[in-house]
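The sequence shown lines up with residues 1 to 173 when you count with the UniProt record's numbering.
Any given hint could turn out to be false.
Unchecked claim - Straight-line Cα separation of at most 25 Å, SDA-like style, residue types lysine to any residue; simulated pairs:
hint : residue 1 : residue 2
1    : Lys84     : Ala96
2    : Lys84     : Val133
3    : Lys84     : Lys141
4    : Lys141    : Thr85
5    : Lys53     : Leu160
6    : Lys141    : Lys53
7    : Lys84     : Thr142
8    : Lys141    : Leu21
9    : Lys84     : Ala72
10   : Lys53     : Thr142
11   : Lys141    : Ser89
12   : Lys141    : Pro68
13   : Lys84     : Tyr23
14   : Lys53     : Ala152
15   : Lys141    : Ala28
16   : Lys141    : Leu127
17   : Lys141    : Arg88
18   : Lys53     : Gly37
19   : Lys53     : Asn168
20   : Lys53     : Val139
21   : Lys84     : Gly18
22   : Lys141    : Ala31
23   : Lys53     : Leu70
24   : Lys53     : Val133
25   : Lys84     : Pro69
26   : Lys53     : Ala103
27   : Lys84     : Leu21
28   : Lys84     : Leu160
29   : Lys141    : Ala111
30   : Lys84     : Gly137
31   : Lys84     : Arg167
32   : Lys141    : Tyr76
33   : Lys141    : Val66
34   : Lys141    : Ala155
35   : Lys141    : Asp94
36   : Lys53     : Arg167
37   : Lys141    : Ala72
38   : Lys141    : Leu124
No wet-lab data here; the hints were simulated from the structure.
Bear in mind that the values here come from a model prediction, so they are computed numbers and not experimental data.
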Amino acid sequence: MTPISKHDSLPERTRRTGPWLRYGAAAAAVAATAVAGARAVDSDSRWYTSLRKPPWQPPPQTFGIVWPPLYAAIAYAAGRALAKTPHRSRLLADLAANLVLNAGWTRLFFARRSPGAALADVLLLDLSNARLVRRIGRVDKTAAGTLVPYAAWCAFATALNASIVDRNRSRRP
1 MTPISKHDSL PERTRRTGPW LRYGAAAAAV AATAVAGARA VDSDSRWYTS LRKPPWQPPP
61 QTFGIVWPPL YAAIAYAAGR ALAKTPHRSR LLADLAANLV LNAGWTRLFF ARRSPGAALA
121 DVLLLDLSNA RLVRRIGRVD KTAAGTLVPY AAWCAFATAL NASIVDRNRS RRP
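Please build the complete structure, drawing on both the sequences and the hints.
Here you go:
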């Protein structure tokens, strides 16, 4: 008798589309996050340009260059990890929380013009990143490694946000 693989009980169509569905769903969630964040950004506004910023802040175009590959890395890591984790619902919850915090930062900072609230958000995002990397690392080291640049960039953004808050303390939120 030949052994039955875990895939033998699945219809052929499901076996073929399963990975595409996972990656597609992850990419759609990440794309929605990117769009929600981008809609809130107005780096040319008088309010934003009047903020005192540290001399080590990158030029504005840097953010548009950095974020697309970071978002692609999140989608790739999520798709890979979803295929391997036995705790899919926990991973989905962590990923959803991470993406909400990600998009939330932009809304808080730019749309609400509240660098202080955005700093609280990005600190939570840093914790969420650590949790996501750890959770994904348990099932797929490659996927977890793909998230490290994202976590590092968010840590840099935290320092930048904190510096902006500190340099603009006398301003109203």
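| said: Tell me the numbers of any earlier hints that the structure contravenes, in ascending order. | reply: 6, 10, 20, 24, 28, 29, 31
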